[in-house]
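Participant: Given the structure of chain A, go ahead and fit chain B onto it with the hints provided.
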Amino acid sequence: MKPLKPLLPLYALLVIGLPLAGLGYALLGSVGVVGPLAEGFTGRYWQALAHDTGLLYAAAFSLWIAVASVGISVVLALALVLRAQPSLRRTPLPGLLYVPLVMPALVMAFYLFQLLSRAGWLSRISFQLGLTGSIEAFPELVQDAAGVGIILAHVLLTFPFLTLLFQAIYQESRLAELSQLTSTLGASAGQFRRRIAAPLLLRRAAPTVLLSFIATLGAYDIPLLLGRPYPQMLSVFIATKLQRFDLRELPAAYLAGFLVAAGLLGLILVLLRLVNRGKVEAG
Amino acid sequence: MRSRLLIFFLVILFALPFGLLGLLAVGEGWRFPDALPPAYSLEPLRGLIAADNGLLAGLGQSLLLAGAVAVLATAGGFVVARAVARSRRPGRWTALSYLPYALPPVLLAVLIQPFIIRMHLSGSVGGVLLGLLLVALPFATLLLSSFWTQRATEYEQLASTLGCTPRQALRWVLLPLAAPLLRTTLVQTFLLGWFDFGLTNVLSVGKVRTLTVQVFTYVGEANGPLAAVASLLLLLPPALLLLANKSALLRKP
Chain A
1 MKPLKPLLPL
11 YALLVIGLPL
21 AGLGYALLGS
31 VGVVGPLAEG
41 FTGRYWQALA
51 HDTGLLYAAA
61 FSLWIAVASV
71 GISVVLALAL
81 VLRAQPSLRR
91 TPLPGLLYVP
101 LVMPALVMAF
111 YLFQLLSRAG
121 WLSRISFQLG
131 LTGSIEAFPE
141 LVQDAAGVGI
151 ILAHVLLTFP
161 FLTLLFQAIY
171 QESRLAELSQ
181 LTSTLGASAG
191 QFRRRIAAPL
201 LLRRAAPTVL
211 LSFIATLGAY
221 DIPLLLGRPY
231 PQMLSVFIAT
241 KLQRFDLREL
251 PAAYLAGFLV
261 AAGLLGLILV
271 LLRLVNRGKV
281 EAG
Chain B
1 MRSRLLIFFL
11 VILFALPFGL
21 LGLLAVGEGW
31 RFPDALPPAY
41 SLEPLRGLIA
51 ADNGLLAGLG
61 QSLLLAGAVA
71 VLATAGGFVV
81 ARAVARSRRP
91 GRWTALSYLP
101 YALPPVLLAV
111 LIQPFIIRMH
121 LSGSVGGVLL
131 GLLLVALPFA
141 TLLLSSFWTQ
151 RATEYEQLAS
161 TLGCTPRQAL
171 RWVLLPLAAP
181 LLRTTLVQTF
191 LLGWFDFGLT
201 NVLSVGKVRT
211 LTVQVFTYVG
221 EANGPLAAVA
231 SLLLLLPPAL
241 LLLANKSALL
251 RKP
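Listed in order, the protein sequences are those of chains A and B. Under UniProt numbering, the first residue of the first sequence is numbered 1, with each subsequent residue one higher. Under UniProt numbering, the first residue of the second sequence is numbered 1, with each subsequent residue one higher.
Just chain A, same shape as in the assembly:
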């Protein structure tokens, strides 16, 4: 294969140049320099940020959803790998865990809406069983204030993937043999799980867990179907602002887009550090 000299600059232009140009455009839009109603440089949209609670609430809500979803998924995956090893090796469990990987987020959201909404399948079953007397008696599990439906959808998509990942690391690191060794040295099964297995699995899976966290933080499809108009998750908040008919809202939307993208870029830098540290440790 011959080397293609201009390939990397072209790649950089497409993959890095275009998003960075977009980020620059958003920054210029947030100070009124570009955009359909640009009137020249102004700092008023940045000043208004201090009084606008919308973005702050969206950020806090997204953070809550990401922490809860990834946290629950990690705990479930760890529990399965550390406490149900024999089951995980038995058919059909390993194959079964792949099933959610073929599910688009939008389909998962639609399914959960049909299952958990007040007119949904669970509500109908509870009505038929006499547990609830009307639609309103069923608890609000989707489009709720705490984002229970959104969290559940993310957990259902993330925990099987993390289980498969932890299981692969468990086998690669020969933790079963290590468990026997620690047992010979007098450690209990609980001590092995807490002090050796869980830290090792978490450390090696940290970059992927962080990637899942970033993906959940910027989720769009699931909160669009299962979320409320307020509070919204960040991606929905920004996309909604940009798609409004009122063009005067554009600079504030550009500002929100710029700040969120810059924040997520910071998280990716942390991820890269984790990846590099892992490579150094692996020798």
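Bear in mind the hints are in silico, worked out from the structure with no lab data behind them. Note that CB positions come from ideal geometry on N, CA and C, so glycine has one too. Not one of these hints is a red herring.
Away from chain B, derived, C-beta distances all over 12 Å, residues of chain A:
id: 1; residue: Q47
id: 2; residue: A50
id: 3; residue: V75
id: 4; residue: E140
id: 5; residue: A176
id: 6; residue: T184
id: 7; residue: G186
id: 8; residue: A187
id: 9; residue: S188
id: 10; residue: A189
id: 11; residue: I196
id: 12; residue: A198
id: 13; residue: R228
id: 14; residue: Y230
Where chain B lies over chain A, by a calculated footprint (3+ residues, C-beta under 8 Å):
id: 15; stretch: 88-101
id: 16; stretch: 123-132
Facilitator: Relative to the frame of chain A, chain B by itself:
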């Protein structure tokens, strides 16, 4: 006993979506408080082949887009990963390839939209394809970078020493060696395009009606049966890929 209970619970958990979506697709007049549909009809499924139904067109558009994304990203990623491996600072290029990960697809679409409009690609398949490639190409590059090790270079040099032209070395040595990883990359980038909704929805401005866009439209119109049919169609190709090669679904860069 505990093991059987766990397996039973997970079977129910993961099989229920298919069951419920199937019931929704064929259930007629299914309203609260009925736990099961009062009647069944294959009308929404028959509607698939009706001339005025957009579902089949959406399926075709989704297949075309995801297929094009998979082929272009995998081929491009293979070549770019080689250039990255042989550059002076491969670490920096790898780090830069992570950039699109920082941006959720919908945010990426929002950021590049002004340029897509200026390039007259807004609302076109080309615009959506370009947007998807911004995510899929670096993904493929990162995934395929593990192939371009010292070993691959040595094989390439050996083939050259034995009289192969660069094209022959690529065809008879490098591509067979990289085949499993190329298959994985094809599957993963196909799914990336197939699953996408946010980026397509923003860049297509309602004109490129892929299956995911149609699911959202039908949900908005409270048309449960058609939304369920579209959802089941969305599940079909990934399920077939899962049956064919499940390990290709798990690998991450």
